[in-house]
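*Asks:* Each chain, written out:
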Amino acid sequence: NAGVMQNPRHLVRRRGQEARLRCSPMKGHSHVYWYRQLPEEGLKFMVYLQKENIIDESGMPKERFSAEFPKEGPSILRIQQVVRGDSAAYFCASSPPGSGGDYGYTFGSGTRLTVV
Amino acid sequence: KQEVTQIPAALSVPEGENLVLNCSFTDSAIYNLQWFRQDPGKGLTSLLLIQSSQREQTSGRLNASLDKSSGRSTLYIAASQPGDSATYLCAVIYTGTASKLTFGTGTRLQVTL
Chain A
1 NAGVMQNPRH LVRRRGQEAR LRCSPMKGHS HVYWYRQLPE EGLKFMVYLQ KENIIDESGM
61 PKERFSAEFP KEGPSILRIQ QVVRGDSAAY FCASSPPGSG GDYGYTFGSG TRLTVV
Chain B
1 KQEVTQIPAA LSVPEGENLV LNCSFTDSAI YNLQWFRQDP GKGLTSLLLI QSSQREQTSG
61 RLNASLDKSS GRSTLYIAAS QPGDSATYLC AVIYTGTASK LTFGTGTRLQ VTL
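If you read the protein sequences in the order shown, they are chains A and B.
Reading the first sequence from the start, the letters are residues 1 to 116 in the numbering used here.
Reading the second sequence from the start, the letters are residues 1 to 113 in the numbering used here.
No lab work stands behind these hints: they were computed from the structure.
Where a beta carbon is used, it is the ideal one built from N, C-alpha and C, also for glycine.
A portion of the hints provided could be inaccurate.
As the list claims (entries may be wrong) - Reference excerpt, derived from the structure (chain A facing chain B, CB under 7 Å, subset only):
{"hint": "1", "residue": "G42"}
{"hint": "2", "residue": "L43"}
{"hint": "3", "residue": "F45"}
{"hint": "4", "residue": "D56"}
{"hint": "5", "residue": "G101"}
{"hint": "6", "residue": "G104"}
{"hint": "7", "residue": "F107"}
{"hint": "8", "residue": "G110"}
As the list claims (entries may be wrong) - Below, a list of computed lysine-lysine pairs in the DSBU-like style, where the Cα atoms sit at most 35 Å apart:
{"hint": "9", "chain 1": "A", "residue 1": "K27", "chain 2": "B", "residue 2": "K68"}
{"hint": "10", "chain 1": "A", "residue 1": "K62", "chain 2": "B", "residue 2": "K42"}
{"hint": "11", "chain 1": "A", "residue 1": "K27", "chain 2": "A", "residue 2": "K62"}
{"hint": "12", "chain 1": "A", "residue 1": "K44", "chain 2": "B", "residue 2": "K42"}
{"hint": "13", "chain 1": "A", "residue 1": "K51", "chain 2": "B", "residue 2": "K1"}
{"hint": "14", "chain 1": "B", "residue 1": "K1", "chain 2": "A", "residue 2": "K62"}
{"hint": "15", "chain 1": "A", "residue 1": "K51", "chain 2": "B", "residue 2": "K42"}
{"hint": "16", "chain 1": "A", "residue 1": "K44", "chain 2": "A", "residue 2": "K71"}
Kindly generate the complete structure, drawing on both the sequences and the hints.
*Replies:* See the structure below:
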């Protein structure tokens, strides 16, 4: 039973390029959450998605960031026109349907984005 | 504002010592609290989950307690080992926040030989 899979593990982008981060939840999990960890800071919530629905995006920057979780395939976090301040570790977590966190969350290993 | 605070920020202990990590939260209306471990450059590993109705949870050498009225949780690690060296994160789901985790900034633990 594979855990939460994130890829790539490391991503280097030049300023102005687009970054696409992928997250495949655990088998049977239909809720996906994205968190960002800036250097020397704690993890901050970004967005909560269910299949084909964005439930809560209150932590997402208003511009350049978007997220989706299609009916088929992984969840994608997209950052357009990246800037140096986007350099961070991006973590994905998943949970079973309908749990509201009852069983806790399983996190992936993260994608470390470096903008040069 | 709903926040989570962890003290100390860093801790160094010799192998074999028992130790306590502290977590405090600003609002007692929590759904649950989860302790994680994060190794350098790695993801988060869930250690213990405490529901709001529970007082403590145990797993091996780890014991986590929850006191909602005082807004505190502690993670007790017995007989520490060098392999316990990592950053320990406390995260809370506040009631009515659509299952969002609010994280503390962590306690960086080093267990020395």
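*Asks:* None of the hints should be skipped; say for each whether it holds.
*Replies:* Hint by hint, here is what the structure shows:
1. G42: Hint holds; A:G42 Cβ to chain B Cβ min 4 Å, cut 7 Å.
2. L43: Constraint on A:L43 satisfied, holds at 4 Å.
3. F45: holds, 5 Å
4. D56: Constraint on A:D56 satisfied, holds at 5 Å.
5. G101: Since the shortest Cβ distance to chain B is 4 Å, the answer is holds.
6. G104: holds, 4 Å
7. F107: holds, 4 Å
8. G110: Result: holds, 5 Å to nearest chain B Cβ.
9. A:K27 / B:K68: holds, 33 Å
10. A:K62 / B:K42: Holds, because 28 Å separates the two Cα atoms, which is no more than 35 Å.
11. A:K27 / A:K62: Since the Cα atoms of A:K27 and A:K62 sit roughly 31 Å apart, the hinted pair holds (cutoff 35 Å).
12. A:K44 / B:K42: Answer holds: A:K44 to B:K42 is near 16 Å, not above 35 Å.
13. A:K51 / B:K1: holds, 30 Å
14. B:K1 / A:K62: holds, 21 Å
15. A:K51 / B:K42: holds, 27 Å
16. A:K44 / A:K71: holds, 26 Å
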